[in-house]
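Colleague: In order, the protein sequences belong to chains V and Z.
Mapping the first sequence onto the working numbering, position 133 (from 1) lands on 133, and the numbers just tick up by one.
Mapping the second sequence onto the working numbering, position 105 (from 1) lands on 105, and the numbers just tick up by one.
These aren't lab readings, by the way, just hints derived from the structure by calculation.
Please note that the accuracy of each hint is not assured.
Across the chosen pairs, the derived CB separations fall in these ranges [said to hold, decoys possible]: (1) GLY108(V) with THR20(Z): 52 to 62 Å; (2) GLY108(V) with GLU73(Z): 41 to 51 Å; (3) GLN68(V) with GLU97(Z): 48 to 58 Å; (4) LYS29(V) with TYR47(Z): 41 to 51 Å; (5) ILE56(V) with TYR47(Z): 18 to 28 Å.
Ideal Cβ placement from N, Cα and C applies to all residues, glycine included.
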Amino acid sequence: MMKAEEIMTKQVITIRGSATVAEAVALMKEKGLRALVVEPRTETDPYGMVSETDIIYKVAAFGHDPKQMRVYEIMTKPCIVVNPELGVEYVARLFAQSRIRRAPVIKGGLLGIISVSDILRKSDFVEKPKSNFLLYCDENPNAPEARIYED
Amino acid sequence: MMKAEQIMTKEVVTIQGSATVADAVKLMKDKQLRALIVEPRSATDPYGMVTETDIVYKVVAKFIEDKIEVAREEARAICAAKGATSPECAAAWDVLEELQAEAAHQRSKKKVKSSL
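In isolation and in its complexed conformation, chain V is listed as follows (with noise of 0.2 Å):
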């Protein structure tokens, strides 16, 4: 199976609760992405993230000025973020479960930014679908139900 690491988009872009959201637009223009991740303050303090959803759903949908609000009055704070070991069949059910697009990925620090659109592009479940029961044969090789479909 895959792994998250092998198809998050690396090149990440922080930016802090406290700037506006016009900045945050700004930015996102700029580089091209859909969501910016939030960095903790402090070591205890969890990990954010702020989509262009959370932009165009709480902003832009009541005519808000940008200038005017701060990312941290719209940004998901914390935010559900993934083990880079992960496999991606994994990871595609966990955002299923819990109805997200993207998390980012965490191991001692942010190492990058995995979404639905990373699994679309470069994942391999079209040329290798992985049912329940290949997992299952993967993570319990020695079972024998496993071992019957050995090569």
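Following the hints, put chain Z in place on chain V, whose structure we already have.
Modeller: This is chain Z only, laid out in the frame that chain V set:
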């Protein structure tokens, strides 16, 4: 106020509902799109849409249906080996029923939620 037509993306790619998901993925990758429009089949048929979120949520993460299939095979094998009235056989069918209930629950949840 600006209008939708002033900012919309005019390059739209359509796909048939009968195409495979693999075809849709290829088209999305080729055209660099995150959604395809499913054209109406007749004058009264509604428009449809398939997004990359649909594919990732419903295809890449498709575990539960496979789980049910494995559980059903297992239950059959256990019942054949231990007897149809054995406690092992009853337990195996219980596992299958639980999975089916979970799948039905997920389906009913999906109905109210939009894929976008």
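Colleague: State, for the Cβ atoms of GLY108(V) and GLU73(Z), whether the hinted interval 41 to 51 Å holds or is violated.
Modeller: 42 Å, holds
Colleague: Return holds or violated for the Cβ distance of GLY108(V) and THR20(Z) against the range 52 to 62 Å.
Modeller: Violated - the Cβ-Cβ distance for GLY108(V) and THR20(Z), about 41 Å, lies outside 52 to 62 Å.
Colleague: Does the Cβ pair ILE56(V), TYR47(Z) satisfy 18 to 28 Å?
Modeller: 22 Å, holds
Colleague: For GLN68(V) and GLU97(Z), compare the CB-CB distance with the range 48 to 58 Å and indicate the outcome.
Modeller: Hint holds: Cβ distance 55 Å, inside 48 to 58 Å.
Colleague: Is 41 to 51 Å respected by the C-beta to C-beta distance linking LYS29(V) and TYR47(Z)?
Modeller: At roughly 30 Å between Cβ atoms, TYR47(Z) and LYS29(V) fall outside 41 to 51 Å, so the hint is violated.
Checked against the numbered hints listed earlier, the structure breaks hints 1 and 4; every other hint is satisfied.
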